[in-house]
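Asks: Listed here are the chains, written in short residue letters.
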Amino acid sequence: MTSTDPSAAEAVVFWVCAFLSVVGGIGLILSRRAVHSALWVALTMISLAVLYIANAAPFLGMVQIIVYTGAVMMLFLFVLMVVGVDSSDSLVETLRGQRVAGILLAVGFGLLLAIGLGSALNGVPVVGLDGANGEYGGNVEGLARLLFSEYVLAFEIVAGLLVVAALGALVLAHRERWQPRRTQREISQERTRGGIHPAPLPPPGVYARHNAVDTPALLPDGSVADISVPGPLRARGDLRPVDTAAVAETAALTSGEATYGPAKRPVADDPGTSPGEPS
Amino acid sequence: MSVDNYIILACVLFTLGAIGVLVRRNAIVVFMSVELMLNATNLAFVAFARMNGNLDGQVIAFFVMVVAAAEVVVGLAIIVTVYRSRRSASIDEPNLLKY
Numbered sequence: 001m002t003s004t005d006p007s008a009a010e011a012v013v014f015w016v017c018a019f020l021s022v023v024g025g026i027g028l029i030l031s032r033r034a035v036h037s038a039l040w041v042a043l044t045m046i047s048l049a050v051l052y053i054a055n056a057a058p059f060l061g062m063v064q065i066i067v068y069t070g071a072v073m074m075l076f077l078f079v080l081m082v083v084g085v086d087s088s089d090s091l092v093e094t095l096r097g098q099r100v101a102g103i104l105l106a107v108g109f110g111l112l113l114a115i116g117l118g119s120a121l122n123g124v125p126v127v128g129l130d131g132a133n134g135e136y137g138g139n140v141e142g143l144a145r146l147l148f149s150e151y152v153l154a155f156e157i158v159a160g161l162l163v164v165a166a167l168g169a170l171v172l173a174h175r176e177r178w179q180p181r182r183t184q185r186e187i188s189q190e191r192t193r194g195g196i197h198p199a200p201l202p203p204p205g206v207y208a209r210h211n212a213v214d215t216p217a218l219l220p221d222g223s224v225a226d227i228s229v230p231g232p233l234r235a236r237g238d239l240r241p242v243d244t245a246a247v248a249e250t251a252a253l254t255s256g257e258a259t260y261g262p263a264k265r266p267v268a269d270d271p272g273t274s275p276g277e278p279s
Numbered sequence: 001m002s003v004d005n006y007i008i009l010a011c012v013l014f015t016l017g018a019i020g021v022l023v024r025r026n027a028i029v030v031f032m033s034v035e036l037m038l039n040a041t042n043l044a045f046v047a048f049a050r051m052n053g054n055l056d057g058q059v060i061a062f063f064v065m066v067v068a069a070a071e072v073v074v075g076l077a078i079i080v081t082v083y084r085s086r087r088s089a090s091i092d093e094p095n096l097l098k099y
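Sequence lines, in order, name chains S and W. In terms of this note's numbering, the first sequence is residues 1 to 279. In terms of this note's numbering, the second sequence is residues 1 to 99.
Calculated directly from the structure, the hints in this document are not laboratory data. Where a beta carbon is used, it is the ideal one built from N, C-alpha and C, also for glycine. Each hint should be verified, as a subset may be incorrect.
[Unchecked claim] Quick list of simulated restraints, FRET-style, between CB atoms: (1) S:211 to W:86: 37 to 47 Å; (2) W:96 to S:82: 37 to 47 Å; (3) W:95 to S:150: 40 to 50 Å.
Whenever a hint applies, use it, and build me the whole structure from the sequences.
Replies: Written as structure tokens, this is what we have:
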């Protein structure tokens with residue numbers, strides 16, 4: 001078995017891709033999140049595309065990559081994003097014993113298939129596709145000849161099926177509008193009359209020492225404006241405490257009761273560290 | 001390289017898809033399992049085409065792919081519609097036909 005032996009090379013390709021596709025199939029079953037399942041299926045489909053090409057079906061391999069991993073899996077991911085990424089499976093069995101029974105049934109069916117097919121195929125010679133692929137100059141040409149001669153009726157029916165499927169998706173995904181569309185005027189009236197705050201929420205304000213999100217704005221009487229901090233922080237009580245002394249100093253400066261200046265500053269160790277800060 | 005190996009691999013993948021259909025609850029995952037079963041049959045078709053030495057198996061695999069694409073489009077639209085009315089993608093939710 002040399003490195004140029006085509007059957008040895010095909011064996012390597014087969015075992016690698018078979019392993020990857022089976023791993024992808026198992027991952028599809030075992031992933032709790034649907035997005036992970038979709039990625040595992042994409043792995044399986046790419047490995048299957050390689051196996052098609054190894055089986056002298058380059059056209060189908062390319063179609064597999066373009067249609068399945070390109071279009072179908074992206075459609076799956078798109079719908080997953082619409083339906084909700086977090087929709088993970090519930091692990092509650094609604095029918096008791098259904099999971100075990102399902103696995104046993106499926107494995108039994110698979111064994112039956114494998115054993116039946118394996119014994120039926122035992123000793124059947126493999127003709128190979130070199131002759132059929134080479135008859136009209138290539139795999140694509142051979143397929144095209146078949147599609148547009150013997151299978152042309154099926155081809156046309158399938159074309160009709162695709163059109164019907166597209167229309168069906170349009171009809172199913174269409175949502176009838178039961179109420180008249182709300183105008184911009186109605187939306188704005190609803191917003192201003194609804195009792196909610198129509199304007200931007202207040203920022204921390206001029207008395208604040210910080211502009212972090214947990215710094216509340218102060219109302220003119222010195223109390224905290226609740227809507228100036230995010231709701232979750234408010235619920236947790238994670239607000240930055242208001243430095244009342246600083247607020248009082250600033251208020252005194254603003255009202256003229258106190259003045260700036262080094263004269264009123266108590267003995268500073270290093271006046272350079274806090275320039276501009278009112279004392 | 002014998003074609004039998006491809007057939008056995010197709011059987012394994014079909015079984016995995018069947019387990020997914022029977023065990024999983026999320027409608028989208030069930031759908032992906034159906035896709036896996038269709039892909040397994042495609043692999044079997046391609047392998048049989050090679051065994052028999054003509055391209056009819058590949059043509060049928062091609063048709064299976066087209067039908068699967070149409071099925072995915074309609075099925076996902078149904079899932080989205082069910083999700084709109086039930087707020088869930090679980091296959092246990094649409095149970096009104098039971099009674």
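Asks: All the hints need checking, so say for each whether the structure fits it.
Replies: Tested hints:
1. S:211 to W:86: 37 to 47 Å: holds, 44 Å
2. W:96 to S:82: 37 to 47 Å: Distance hint for residue 96 of chain W, residue 82 of chain S is violated at roughly 23 Å.
3. W:95 to S:150: 40 to 50 Å: Cβ of residue 95 of chain W to Cβ of residue 150 of chain S: about 45 Å, so the range 40 to 50 Å holds.
Hint 2 from the list above is the single one not met by this structure.
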